[in-house]
Amino acid sequence: MAMTMLEEPKIRKKEKLSVIDCDIHNVDGYQSPATEVWVDYMPSAWKDYHLSIAGRRRAGSNCPRAVPFAARNDAFPPEGPPGSHLGFMQEQLLDTWEMDYGILNPLSPAGGQQNLEYGAAIAQAVNEWQIAEWLEKDERLRASLTVAYEDADLAVAEIERLGDHPGFVQLMFMARTMEPLGRRKYWKIYEAAVDYDLPIGIHFGGTGIGPITGAGKAAHYIQDHGGMPMAFQAQVTSYVYEGVFERFPGLKIVLIEGGFGWIAPLMWRMDNWYRKLEMEVPYLKRLPSEYIRDHFYLTTQPVEEPSDPAYFEQMLAHMDMDDKLMFATDYPHWDFDSPDQALRYVSDRDVKKQIMSENARELYGLD
Amino acid sequence: MTTNFTGLGRPVVDCDIHNAFASLETLVPYLEDHWIAYIRESHFRGPGANDYPGGAPTSARQGTRPANGPPGSDLSLIQKQVLDPWDVEVGILACGYWVQSVHNEDLAASLATAVNQWQIDHWLEKDARLRASLVVPSQNPILAAREIERFGDHPGFVQVILPVRSYSLYGKSEYNPMYAAAVKHNLAIGIHFGGASSLPPTPVGWPSTYIEECADMAQIFQAQVLSLISEGAFARFPELRVVLIESGFVWMPAWMWRMDKEWKGLRRDTPWVVRPPSDYVREHIRMTLQPMDAPINSEHLLQMIGQLDSDEILMFSTDYPHWHFDGPDDAIPKGLSDSLLEKILRENARTFYKL
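Protein chains in written order, with the working numbering: chain A, 118 to 484; chain B, 33 to 387.
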């Protein structure tokens, strides 16, 4: 399919940059019958439970999203919810933008279940569904392996079951977790992830242990959606200060849909506190910013839009992570970033090429 | 580490000096009998947020601990180490006595009144350079408003101080009585690092270490800024002035970009937000200088200050006795124009606090 000859585009001044999209959604996380596109793959022992009780999550913190399925108006396929129809997505996304590869990030409710075994059953169903209906049908696709990450044993069992499948290129976590992800309860997952050479993908969303801010409940969707970087920042501080990267030097983390303008200021802040409070975390051997630049990758969407375009390049210089940024569209969601617009403030073509495709190609081992 | 208490050789307004006391005994003269009995019988020792652990290097610069009591408890030492050497024209006391974590709201209110009277007696009346922050039981905005009514006309109080870790976001309309009283009495709202709300300080639960909680504090400030704007506090109170104290400021440019971008897509949800959120920040919000969270490359720090798109936002602070810098050399950004430096050192605070 990737070899299909396409019509010559109208204007092409320069060699066109390859595109790898690091954030495509074939499942949307809000559990309802319409979104359970994986249900036929539910393990038989859990089918009755799924049909009768299903979906006991840590609900109560969400604000209504702006539009149905948080989707683009034009992303509704002939059947099923946005993103769930392979043919429609191929045409609207992969083919239109001539993408080399796309990474599927199913936003399933597996990780947020109070009944952990049921969450693990959802994870199995989503993974089997992805193999049968996505990975085996389009060789441009790779996927994130869904795991019930709030229980390390269950997550490790799923990694051992499917971690060697070549279609799965990372694990799938959600940003709002029960505990900061550096804490010990998650360490067994990291051990398995390193064994199977799978990065940890942490995606926008999830339902954590309390309010979606560190200071209480938020009223509006802009606080939920716009506030997501707060969860990502807390995860970064946790991974670093808990010493996870000393314990697992091979561990790689991909922050998906968190934005990236906040990371340079966070590195500076973390370095400064570390210089003064080193005694509390004696197991760290390097500056926090060094761990961050080595271990974290960030997808671009929602790309930062500074008040002055000059700030964009300042931000990239402050981050010094040109080799860690990876382009993403977030298809089919309303805040889609388009491949021809998202990086318009990046003037260095080599950097743009790295971000649009090469960093992801290297991280995920793609041709 | 040498501790250097010399200043810049030019006058400043210091927007964050911490005054403290050794124990609840200090407040006993200001408390009603039944609270004194309650405290004696229960061995209650006052709200304890432990947001500045006594032995942590960041909690106190070397040499700031007086013979009796914790750092910040001895006015003469503060005069010797801050007010005199830094040529402080006005020093704003930020008393972090978080009555918000006392769940008996009546006791919290009485403790606040006691602390405020103590601040008048032991600080404001002892040094004309000082101004103070009103401690209020903001967990109950009606009681908080009552406290503002009690002391709001005292010329020594210039703001109401709130911990950034609240149980309920500060943009919510439940705070209307408190903000109405603050605006009426011409008081700013100071939102300060720390507190103990009983809620986890992150959207993902409780961090293990103090250092992590300190770094995480910035994202709670972000939550409060977004709440104040999107939940309509500035729309309801156009005169509301907010200062983020000890928040760090380098995170603010990217946060403004993010809020503005979100607003473009989602402003239909919050029709009272009629301008980009960054406009509200520049109009209503100020930030104290320390901790600077400075990068090694001083040019990068200047770029961040430029990215604020305003010369009015930053206000000088020493954050005494907390340890963020070792002397005047690393207390302010290097390479600022003299006019911007003057704004940061004095003018912005004079305008904001109407000094």
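Everything labelled a hint here was simulated from the structure, so no lab data went into it. Remember, it's a predicted structure, so these values are computed and weren't measured experimentally. Some clues are possibly wrong.
Stated by the list, open to error - Calculated pairs, DSS-like style, for lysine-lysine (alpha carbon to alpha carbon, straight line, at most 25 Å):
| hint | chain 1 | residue 1 | chain 2 | residue 2 |
| --- | --- | --- | --- | --- |
| 1 | B | Lys-366 | B | Lys-216 |
| 2 | A | Lys-393 | B | Lys-366 |
| 3 | A | Lys-334 | B | Lys-366 |
| 4 | B | Lys-158 | A | Lys-334 |
| 5 | B | Lys-366 | B | Lys-158 |
| 6 | B | Lys-204 | B | Lys-216 |
| 7 | B | Lys-158 | B | Lys-112 |
| 8 | A | Lys-470 | A | Lys-133 |
| 9 | B | Lys-204 | B | Lys-296 |
Evaluated hints:
no. : hint                    : in the structure
1   : B:Lys-366 <-> B:Lys-216 : 39 Å, violated
2   : A:Lys-393 <-> B:Lys-366 : 21 Å, holds
3   : A:Lys-334 <-> B:Lys-366 : 40 Å, violated
4   : B:Lys-158 <-> A:Lys-334 : 42 Å, violated
5   : B:Lys-366 <-> B:Lys-158 : 35 Å, violated
6   : B:Lys-204 <-> B:Lys-216 : 19 Å, holds
7   : B:Lys-158 <-> B:Lys-112 : 14 Å, holds
8   : A:Lys-470 <-> A:Lys-133 : 10 Å, holds
9   : B:Lys-204 <-> B:Lys-296 : 22 Å, holds
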